[in-house]
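Given next are the chains, with one letter for each unit.
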Amino acid sequence: MMNATAGTSQQYVFRKLLRHRSATIGASIILFFIIIAIFAPLIATHDPRHANIAERLKGWSGTYYLGTDGVGRDIFSRVVYGTRISLKVGLISMSFSIGFGVLFGAIAGYYGGRLDNLIMRVMDMMLAMPSILLAMVIVTILGQSLTNAIVAVSIVYIPQYARILRAAVLKVRELDYVVAAKVIGASNSRILLTTVLPNCIAPLIVQATLGIGAAILDAAGLSFLGLGAEIGEPEWGAMLNENRKFIRRSPLAVTAPGIAIFLIVLGFNLLGDALRDALDPQIDG
Amino acid sequence: MRKVLTLLSYLLQRFLSIGLSLLAVSLLVFLMVHLIPGDAAIAILGERATEKALIELREEMGLDKPLYYQYAKFLWDIAHLDFGRSFKTKQPVIEEIKRYFPATAELTLAAMAFSILFGVAAGIIAAISRGTFLDYFSMSISLTGISMPIFWLGLMLILLFSYFLPILPSTGRLDVVLDLDVQSRTGFYLIDTLLAGNFAAFRNAVAHLILPAITLGTIPLAIIARMTRSSLLEVLNQPYITTAYAKGLPRWKVIGKHAMKNSMVPVLTIIGLEFGYLLGGAILTEHIFSWPGLGSWLRTAVEARDVRAVQGGVLFVASVFMLVNLIVDVLYAYFDPRIRVGNEDR
Chain L
0 MMNATAGTSQ QYVFRKLLRH RSATIGASII LFFIIIAIFA PLIATHDPRH ANIAERLKGW
60 SGTYYLGTDG VGRDIFSRVV YGTRISLKVG LISMSFSIGF GVLFGAIAGY YGGRLDNLIM
120 RVMDMMLAMP SILLAMVIVT ILGQSLTNAI VAVSIVYIPQ YARILRAAVL KVRELDYVVA
180 AKVIGASNSR ILLTTVLPNC IAPLIVQATL GIGAAILDAA GLSFLGLGAE IGEPEWGAML
240 NENRKFIRRS PLAVTAPGIA IFLIVLGFNL LGDALRDALD PQIDG
Chain U
0 MRKVLTLLSY LLQRFLSIGL SLLAVSLLVF LMVHLIPGDA AIAILGERAT EKALIELREE
60 MGLDKPLYYQ YAKFLWDIAH LDFGRSFKTK QPVIEEIKRY FPATAELTLA AMAFSILFGV
120 AAGIIAAISR GTFLDYFSMS ISLTGISMPI FWLGLMLILL FSYFLPILPS TGRLDVVLDL
180 DVQSRTGFYL IDTLLAGNFA AFRNAVAHLI LPAITLGTIP LAIIARMTRS SLLEVLNQPY
240 ITTAYAKGLP RWKVIGKHAM KNSMVPVLTI IGLEFGYLLG GAILTEHIFS WPGLGSWLRT
300 AVEARDVRAV QGGVLFVASV FMLVNLIVDV LYAYFDPRIR VGNEDR
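Chains L and U, in that order, are what the protein sequence lines are.
Okay, so the first sequence: first residue is 0 according to numbering that gives the first Met the number 0, each after it adds one.
Okay, so the second sequence: first residue is 0 according to numbering that gives the first Met the number 0, each after it adds one.
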């Protein structure tokens, strides 16, 4: 019986998603980038890190589809390989934020009292600062690298997940079946995993989808500031920063990486918005 | 009288909570020094600091004393606006903040004005022409605006308006030639040039401000437009609006006066929140346009791991952000009497 209803509600969500135009567009964009990331070595025409000073600042041509940058690297290949970095950044930092967010939120909501107060105070403080400012503090502490940028962005987004989880825990904590599970002697972690988590999967999925886009955008921003990816890495934000010196001579070099960032973030935002509509039964669309 | 008292107690609560948040931020900023791997004094003064300078700094910070003592000392110093010296420029951090902040403030205020003006207007137009092409058009623009990396938007604006159509400058706050003529009094170039009576310089300063302000203001504009639209649509469905129409009031008066005042409450909240975004976005925008503001300065400080400068800058920006939110809260209480009434109930 349980399974039957779960099946139909899943089908319902799926049908609603299919009907939703922005979901289809968003998912297609994401799929497109995933394919590019997987087949990057086949799609790219050059080594994205290979500099060839003799060929610097070339316009678009049959050999260099998007021209070359200031040290003669092929921009097309760099944009293609940049997909790998951005998806990696988005996925890793989202998983990290969810992991810690869920942990902190669950502890705060389940145990309540002083622990709850302490955790949520810290989360509030993090939310009370512009996110890039917090990320810059973390980069100052850890030093500049792509890995540290990922860590910084991950930490910045922990509070959002913690809040979702805490609210969900507070909602179910006093419910009869949770109390019943306690009476039977289920352990705290078991109760959290079997009764609490399933109740907040929907908002977590929505937040995670939007979160990947936000993480990609923030990490690219850090790299654009010269505080993220190492010099020479085919990271979209870093490419924009390096190529903007030559904006007049090679406009394509600052156009292409930006369009890539814009599209991938748009993809996750569209899908996230559509998921929110589909998973939230209160909004009928 | 009672109303004033409840408003005061509300403000007092807000002050307290801001104080607590600032205390938390100061703790984070304080711990920064100790979280950096290795010796705290070297972290602050850099690898090449002399042994003598290191010993002096250890003495000054009380690095041999317990942490709570060091934190108290740190709080005492920042309460006196003493953020120490930047190890890179050797200048007191507070002086640098004073020097660079007006540029950021000018940029942020211009961006805010741009986004509120056009955002609210677009939202109203979309709401009163609901379901038409105009509505879809402005809303799809605002949807794409939200996904736009602003650092890229800025570069595209430079490409369009200072390269393909060379009508606007793309770097700095004033042409170098004019820079020498204008004496800096307030640090706000629009005001300084006017005070100097130099209208050519004023026009030049405005021209320099346009692209950065549009870049920084676009995302808030998109969000404000969406909020205005949905909030106004909600209000327009309420019975008192029907009553106003039934009384025979003209449409502009119903929307402009009756509907607008109520629909502005959530918009105000968004504007307050967006201010934080603007302060963050200013860091990126200043980098694009070589705008000599706090954001550019802070970026350089992070790059050089100039700890004292980062500490001071972050604390300062966080304080400004919270202060703005306080102001928004006050306005909020003014616009929405339910907040005051709600407090009376308790």
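These are computed hints drawn from the structure, not numbers from a lab.
Values in this document were obtained by computation on a predicted structure and should not be read as measured data.
All C-beta atoms in this analysis are idealised placements derived from N, C-alpha and C, irrespective of residue type, glycine included.
Mixed in with the good hints there might be a few duds.
Far from chain L by the CB rule (all over 10 Å, computed), these chain U residues [unchecked claim]:
#, residue
1, M31
2, T49
3, T88
4, S146
5, L189
6, L193
7, Y276
8, I282
9, A300
Quick list of simulated restraints, FRET-style, between CB atoms [what the hints assert, rightly or not]:
#, chain 1, residue 1, chain 2, residue 2, range
10, U, L272, L, I33, 55 to 63 Å
11, L, P197, U, T131, 17 to 25 Å
12, U, Y67, L, A50, 48 to 56 Å
13, U, Y244, L, L192, 19 to 27 Å
14, U, Q12, L, R113, 33 to 41 Å
15, U, Y135, L, G231, 48 to 56 Å
Now the hints, each set against the structure:
1. M31: Violated, since 6 Å does not exceed 10 Å.
2. T49: holds, 23 Å
3. T88: holds, 16 Å
4. S146: It is violated; S146(U) is separated from chain L by about 4 Å at its closest Cβ, not greater than 10 Å.
5. L189: L189(U) clear of chain L: closest Cβ-Cβ about 25 Å, beyond 10 Å.
6. L193: holds, 31 Å
7. Y276: For Y276(U), whose nearest Cβ neighbour in chain L is about 7 Å away, the distance does not exceed 10 Å, so it is violated.
8. I282: violated, 6 Å
9. A300: violated, 8 Å
10. L272(U) to I33(L): 55 to 63 Å: violated, 33 Å
11. P197(L) to T131(U): 17 to 25 Å: Since P197(L) and T131(U) have Cβ atoms about 43 Å apart, the given range 17 to 25 Å is violated.
12. Y67(U) to A50(L): 48 to 56 Å: With Cβ atoms ~52 Å apart, the hint holds.
13. Y244(U) to L192(L): 19 to 27 Å: Because 55 Å falls outside the window, the suggested range is violated.
14. Q12(U) to R113(L): 33 to 41 Å: violated, 21 Å
15. Y135(U) to G231(L): 48 to 56 Å: violated, 44 Å
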